[in-house]
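Asks: Take a look at the letters that make up each chain.
Protein chains: 2
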Amino acid sequence: MNEIFAEKTPEFADVLAAAARIARHAHVTPVLRSRTLDALAGAELFFKCENFQRAGAFKFRGACNAVWSLSGDEAPRGVVTHSSGNHGAALALAAKTRGIPAHVVVPEGAVKSKLAAIEAYGAQLNFCAPTMAAREAMAAQVQARTGATLVHPFTDPRVIAGQGTAALELASEIDNLAVVLAPIGGGGLIGGTAIAIAGCAGGTRVVAAEPDGADEAWRSLQGGVRVTEHSPKTVCDGLRGTLGEINFTLLRRYGVDILRVSDDDTLAAQRLLAERMKIVAEPSSAIVLAAVLRHRDRFAGQRIGLIITGGNVE
Amino acid sequence: MNEIFAEKTPEFADVLAAAARIARHAHVTPVLRSRTLDALAGAELFFKCENFQRAGAFKFRGACNAVWSLSGDEAPRGVVTHSSGNHGAALALAAKTRGIPAHVVVPEGAVKSKLAAIEAYGAQLNFCAPTMAAREAMAAQVQARTGATLVHPFTDPRVIAGQGTAALELASEIDNLAVVLAPIGGGGLIGGTAIAIAGCAGGTRVVAAEPDGADEAWRSLQGGVRVTEHSPKTVCDGLRGTLGEINFTLLRRYGVDILRVSDDDTLAAQRLLAERMKIVAEPSSAIVLAAVLRHRDRFAGQRIGLIITGGNVE
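In order, the protein sequence lines correspond to chains A and B.
Heads up, the numbering used here is the position in the first sequence plus 1153, with the first residue counted as 1.
Heads up, the numbering used here is the position in the second sequence plus 1153, with the first residue counted as 1.
No lab work stands behind these hints, which were simulated from the structure alone.
A pair holds if it fits inside one copy or across any two, identical chains being indistinguishable in the list.
16 Å max Cα-Cα, derived EDC-like pairs, lysine to aspartate or glutamate:
1. LYS1265 x GLU1428
2. LYS1267 x GLU1428
3. LYS1386 x ASP1417
4. LYS1267 x ASP1390
Given the sequences, and given the hints that come with them, work out the whole structure.
Replies: Set out below in C-alpha cells:
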C-alpha cells in the first residue's frame, strides 16, 4: 500500500453516516443565488450558506459528528480541543447537544468575543501560551486529567467526514455542478468535500481557494511533499492552520486543484456578499467568490457551487 | 357602504393573482431561524428574508405585480414613480423584466448609490426639488409627456396585492403562526400582509412595527382619523412615508395592531441580525425584531413570523 494511503482516511460511507448522525442537530443550510453576482462572474453561482449553520460556521458539522460518534463509555468523559476560533465554539455547542463536558484550550490573548461564545455554550476554557506546542501540551494534559477525547479541528477523520455533509447537501440539491469550491486552511473541509463530491457527483471537480499569504497547501501539492514550515500572513483567520497529513493525502487522492487569492480580492468579495447577497461572511468564506471572480475564464458559463463557510466576524 | 370601504381595495384573490403573476420573476425567499434569537425572545421566530429578494427588498413584489398587470396598450408607454429608495429600484427592475421604460422621479440630493442602482436597472432619472409636492408634480409631468402609468410606492392596489405575496409564502411554509409582524411606513406591505394572512391563516394576528419618531399610523389608529401632518425623525429611512388613505382603511378593516419602537432598539436588533443570523438587514427591517424583544411578554412561547423587508444599507 502506498505510504500516502497508510493512514485511515474517511470514505463516502462515513460522510453518509455523518449526515444521518448530525441530522437532528445541524441545520440543512439554504443555497442562495444572486443574479448580480452571476452577471459579474459570467457563471451560475450556488452559494451553500454555512454562515447560517449553528454556531455560525460549517465547523459544527464535523464537531457534531465527532461528539455523536463517541461510545457510551467515552461520551461522559467529554471532549477536548485546541482552537480559539469556530471549531472551539462548534465543539462546545456539539458537546452541549449531547450533554457532555467540553474543554477548549485557547491561547492567552485570544479575542474576547470568541472566548465568550465558547463559554456561552458551556465549555471550560484552558489558557496556554500562544504556540502550537503549548496548545498541544495543554490539550494532552487535559486529556490525561479528564479522560476526554481529543477532537482535532481538521485531522480527525470524524471531523472530516462531518464537514463533507455540507457538499453532500449542496450536490443533492443542485444538479450538474461543474465545480465545487471551498476554502483551504488545515484541510478538513476540503477533504470532506472531495470525498462527498466523488461519492455523489462524479462529474464535479473540487477546487480549493487559499490565501496568497498562507499558501502552504498549494506549495505542498506543487512539490509533492507536505510543507510544514509556515508563517501565515492573511486576513483569513480561519485559513492560517497548517495542512494536515491526512488532509494532504485526501487532496492528492481526489486531485483537488488549489487557486491562490490575494487578501484584497477576498475583502472585495466580502463586500460584494454583504452588498449584493445581504449576507455576513468571514473573509475565510469570501475567498471562494474572490477565486471565481479572479479566474473568470476558467469558470465562465458553468454551474459553480461555493461553500460559504462562516459568518463570525468582529 | 361605510366611507372607509368606498375606495377599491385589493382582496385575497388579488394577492393570489399577484403570486401567479410574479412567480417567473421574483424569488421565493427563504425563511430563516436562529436558536439564539429564539432564546432571547422566548418565542419561536421565523424570519421571511426579503433582503434576499431581487433588488434587495420586498418592494420588487409589488412593483413586479404592477408592471405585469399592465394591459398590452399600457405597457409600451412604461411606468413612472417617485421614490429614491427601494421602490424606485424595484420598479426599474420590474420594468426591465417586461422590457418597458421606467421613469423614476428623485429629489435632488438623493443618495448617489441608490440613484446608481436605479440607473443600473435601466430607468430614466428625473430630478426635482425635495418636497412631496414637487415630486408629485414632476411625476404628473412625466405621465403627461410619456403616457406612462403611475405606480405609487404604497397606495397602488396592485402594489399592495404584490407585497402581500411575501406573507402568503411565509404562511404557506410555516404552520400555526400566532402573529406575523411587518414594519409600517406608508402601509403597502402591512396592507398586503393583512389581506394575505386573513385569506390563508385566519387564526394569525397581524402586527405592525413603527418607529417612535414616525408614528403617524399609530396616532391615526388611536384617533380614528388619518394623520397627515407628519415630520418623521427616524433612522428607518424606509418608514418615513405618510400612511395612505387606502392603507389606513386596510389597517382598520383587518384590526392590525401597531407597536412603536425606538431607534436605539432597532439599531440593536440590526446588530443582532448581523451577528447572530449573519444577514444584512435595513433598520426599517430590524424594527420587527426590536418590537418582539421589547414586548417579550406579549409574544412569549408563540410562533412568530417576521418579515425582514430589505437589506439595502449604505
